[in-house]
Amino acid sequence: MKVALFVTCLVDLFRPSVGHATIKLLKQANCDVVVPSGQTCCGQPAYNNGDRVNAQRIARQVIDAFDIYDYVVAPSGSCTGMIKRHYPGLLTDDPQYTARAAQLAERCYELTSFLVDIIGLTIEDVSFNKSVTYHDSCSCQRELNIKTQPRQLLKSIGGLRLNEMQGTEECCGFGGTFCVKYDELSATMVDNKVDNIQQSGADILLAADMGCLMNIAGRLKRRDLPVKVYHIAEVLAGMAKDDGIGGV
Amino acid sequence: MESTAHNFLRNTHKALNDRGLQSALKNARRGFVDKRRNAVDALPEFEALRQTAIDIKSHSLLNLDQYLIQFEQQVQASGGQVHWAETPTQATQIVTDLCRSVNAEKITKGKTMVGEEIGLNDALIESGMQPVETDLGEYIIQLAEEPPSHIIAPAVHKSRQQIADLFHEHHAPLGFKQPLEDPQAIVNEARTILRNEYVTADVGITGANLLIAETGSTVLVTNEGNGDLTASLPRMHIVVASIEKVVPTMEDAAVILRLLARSATGQEITAYTTFFTGPRREADLDGPEQFHVVLVDNHRSEMLGNQYRDMLRCIHCGACLNHCPIYSAIGGHAYGWVYPGPMGAVLTPLMAGLKEGSHLPQASTFCGRCEEVCPLSIPLPGLLREHRFQIHAQKISTSQSRWALALWAFVARHPNLYRWLTRIGIGLLSRIAGKHKKFRRLPFASAWTNQRDFPAPQGPTFMSSIRSANAKSDKDS
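Chains as they are written, first to last, in the numbering used here: chain A, 0 to 247; chain B, -2 to 474.
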């Protein structure tokens, strides 16, 4: 089974270990992993800032680079949501790409959902003796209906205790360029999230989206809180060994 | 009302630093969310009902002309009159003319958001008449000379103490000298004062939650019964309603009412649900001598034919406001015009102008909770994104941001260039960060670092590390 990794721009630039962890997990699942070199970004910055033309151009580029594989997997709900839920609508007026966009949408999966729903992977011999709390990204929950899959995977990690926080379904306030355009509003939202994380008593925050993770980690560090932050793939692959996103 | 939507950033700053507002919002938020959750959970057929309601509204909108004409005929058949207003000015002119025709001085009003939209109170005052709001929330903000901050809870931004102070200030001259603490006493005082207004009013104006084509009825839901007294005691009842409120039958109205109360306040049904059909008939003990319905378009027939049509399914329950993290953070006034929250962020640019309201659709993370809880499943984030397409296309966004976007897109469309630039940029950033895994300040990302630390890149980019690993394995083999 040939699986193409769409690594996502934030993982590529800021947290390559998430990409390596994803490859490790996919190999454990007996996938033949390929990293297509034509990839840069899924186009959300253009799409969400109103630039439909450039969003369409980037969508075509992603389709060209990825549509020959059995599956496309991304360690991000937001980029997967873009490909799965938004590419088909974005390219409805382009006869050359309409069908290809729909096919790619069908074969594209967020990592935890791919591992659980498609592979049925059970993780063995990984332990992480910490109490963690899990933030559900908006795109995972509401665009892709992913909520149980990451929790099911975390259950098989030895020693890991999951302390659910209040309001795990609430937005962290990232929202792409929203967090810099409306930084005060965004800070209020991420503060609510950070308060909930603190109240959960967990030592570790996990999520499946780098945007949320960088935003929450940034605010946690600004408030000098000792919670460490990792992408869920790093924990599942037994690779959460450094000080996490944003350090300590 | 005068829009301040263009001042959204300033409004936001003010709201976030208003302690009284913040505590009122915090109290309101959980109540609405939990009550709706319980009401929806207790109704197994909620999802099925939702689909039926979507079908009803979609069908009604597709045949809106036909149902509006049928509605008019039925209103006339029951002895009432329908007036058509394309613009807010026409609508207020019709209402003030009707009021003048009976030499009205005092006018009681039920809560009507369309009334806010057309600036009805100001028009009545300018014509020398005295409008008196009878919904408790509306009455409070009328005393405070403020617009509503929520479409179903207009005074949700006010604390009990603020209301008590306001009452003391305005009611003491009327003989109510005792300052109040207890909510029940506050309500009773308002009730005593309003009773007198009902019986002395010449005209009563209400809104409508629904219009029913087959019977010519207008439907009004309240929890205070103020709508009924407003409608039935004065000589003339005027209903002000927007055109998309019409549904074909009583059964259709019942479906929407079941969704409305649950989504709005978490009630199975509101305390009062009234169907008004025509003026007082011969055998009736009460009721107005004249019954008028003013149908307001105000850009809705344009929306019917463009990409915003789904917005016309809105039944004004307020669930999108109650579940919106932006609304929860800043309240309704910061939005700057009549309608706040996600529905307001769609409507304001359409009614007050895209340039005026351009911040509202941009101030969203597209978190999607609004669409999730909307009883009519209106694709609110999609409609907000549609506004963003227009803002970009009409060059309303700053040229600086458009240039930055174009530059980024150019690089993103050239993978080799992207690889080269990101390798250099990320290499530089991670070298500057050194052992520190974060930046406290970054010159080109101050909007980020004003609020949070910026996590430093781990090291070389993923794509360059993969490339060197591949090169190495090629060499090894």
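Source of the hints: derived by calculation from the structure; they are not laboratory data.
Just so it is clear, CB atoms sit at the ideal spot from N, CA and C, and this is done for glycine as well.
Incorrect hints may have been included.
What the hints assert, rightly or not - What follows is a list of derived Cβ distance ranges for each label pair:
1) G379(B) / Q165(A): 26 to 32 Å
2) D242(A) / G422(B): 19 to 25 Å
3) A268(B) / D66(A): 56 to 62 Å
Hints and how they fare:
Take G379(B) and Q165(A): their Cβ atoms lie about 29 Å apart, and the range 26 to 32 Å holds. Under the hint 19 to 25 Å, the C-beta atoms of D242(A) and G422(B), about 23 Å apart, fit the expected range. With their beta carbons about 57 Å apart, A268(B) and D66(A) fall inside the hinted range of 56 to 62 Å.
Figure legend: structure checked against the earlier numbered hints; every hint is met.
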